[in-house]
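> Build the complex from these two chains, which are given one at a time in their own frames, with help from the hints.
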Amino acid sequence: MGFAGGPARLLLVSILDSLRPARGLRVLVTAGARGVGAAIARAFHLAGSRVHVCDVDRSALDRLRSEVPGITHSMADVSISADVGSVFEDVQGALGGLDVLIGNGGIAGPTGPVETIDGAGWERTIAVNLHSQFHFARRAVPLLKGSLEGGCMVMTASSPGETATRFAPPRLRALGRSSA
Amino acid sequence: MRSLAHELGPDGVRVNAILVGAGRSRIQDKGSSAIPYDPELDDAAALALFLCSPAARNLTGQAVRIHGLVPSFSVPP
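Keeping their order, the protein sequence lines are chains C and W.
Under my numbering, the letters of the first sequence match residues 11 to 190, in that order.
Under my numbering, the letters of the second sequence match residues 318 to 394, in that order.
Looking at chain W on its own, in the form it has when it is part of the complex (with noise of 0.2 Å):
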């Protein structure tokens, strides 16, 4: 997706990515959730809409997560 991201992008074509959810309930036992939402598939189709709207211009190579954890973070015990 990045590689993609950088060659297209002289071109102006974009490349991005959506990391949704999907077991979110195993991931919540982690203890890891830092959003008490459950995901919803028009979280996707919205994030859909945003990255190919003309605000997301300047927005290439991203994955971007909705499945409400924070990245690389762990809640001590």
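Next up, chain C with everything else stripped away, as it sits in the complex (with noise of 0.2 Å):
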């Protein structure tokens, strides 16, 4: 044994494999046809994943098929649970199950001060933000349940998000940690 010895050297092989995921994931990326989601997608891809994404934007969604045509897609409104579902049915047809779920769905919503934002863009916001992630869970668990390579959810946020379930009563707060 020792830091140099065959044994070692084996172990740090399989140290940095480890660090690769397993070939052929099947991965769904939420708000996946372009930033951080599209970041996302192309390097699970380039990974040698199965990826399927979904996004409510169409022109977006016909550019990532042009550039990477190995990714399936569906276009949804993640807020909407019956879109949802549609995009279950398209997992099943083009993975048939599921690895990994990436909930990258959401938007900025309305910032400022409380009297100032209006009940529409609040509504809007908690529906693509918070509804939308368990829209996806419910959907999700059963499939990453039978995942033989261990089931990975990953929810990405970004700063002002944080800030915005800070600033949201406790209740809320609370809601989006445990759902989010």
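Because the hints were derived from the structure by calculation, they are not lab data.
If a hint is listed, it holds; no wrong ones were tucked in.
Here are the simulated SDA-like pairs of lysine to any residue, each with C-alpha atoms no more than 25 Å apart in a straight line:
#: 1; chain 1: C; residue 1: Lys155; chain 2: W; residue 2: Asp328
#: 2; chain 1: C; residue 1: Lys155; chain 2: W; residue 2: Glu324
#: 3; chain 1: C; residue 1: Lys155; chain 2: W; residue 2: Arg374
#: 4; chain 1: C; residue 1: Lys155; chain 2: W; residue 2: Gln379
#: 5; chain 1: C; residue 1: Lys155; chain 2: W; residue 2: Ser370
#: 6; chain 1: C; residue 1: Lys155; chain 2: C; residue 2: Ala104
#: 7; chain 1: C; residue 1: Lys155; chain 2: C; residue 2: Arg30
The structure is reproduced here in structure tokens:
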């Protein structure tokens, strides 16, 4: 045994290998047609995963499809439960299951003194940023539990999002913490 | 996120969050940034790959900040 011996060298190689996701992972990226979502989708694709993305932006989906033909996609508004249901039908068809859910859907929403924020903007923000996480989680969890690789959920959030949940009443922050 | 991590852990499902930077310049104005690099999209992509790799098999319920800020730390004036 030693730092330069055979067993240690083999161990190091296996550690380095373990830093990559297993090849062939089935990955769903929400809001995956541009920005952080697209960067994550492309990275998994390069790592040998099978990647499906959904997004509300049709032209961004078309751009991603032309640039990375191997990635399949659905058009969906993540705040609408029926849309999310359709995404999972597409995921079953394209991937036949799921190992990884990247919950990236989110909008910045209105910011400012509370008396200047209109109700529609508030409700839209909560629907896209919070309800969507629930719509995806409840459908993804049964598939992730069946993953032979060990299912994985990763949510992304921005710093302003973090701040917004701090600003919001404690009950909302607790809800965000528990589901997002 | 933490309650899901707790609920799903026994089934081998891990749940984590990536807190990406946005509005970094505003935060920098407060003088609390510790890292001089601007965040890039691939920072989030690299962390996502790691979180879903076998090396992270015991990592769950974590919210990882990748915006260069030290959590809960204010630089004295």
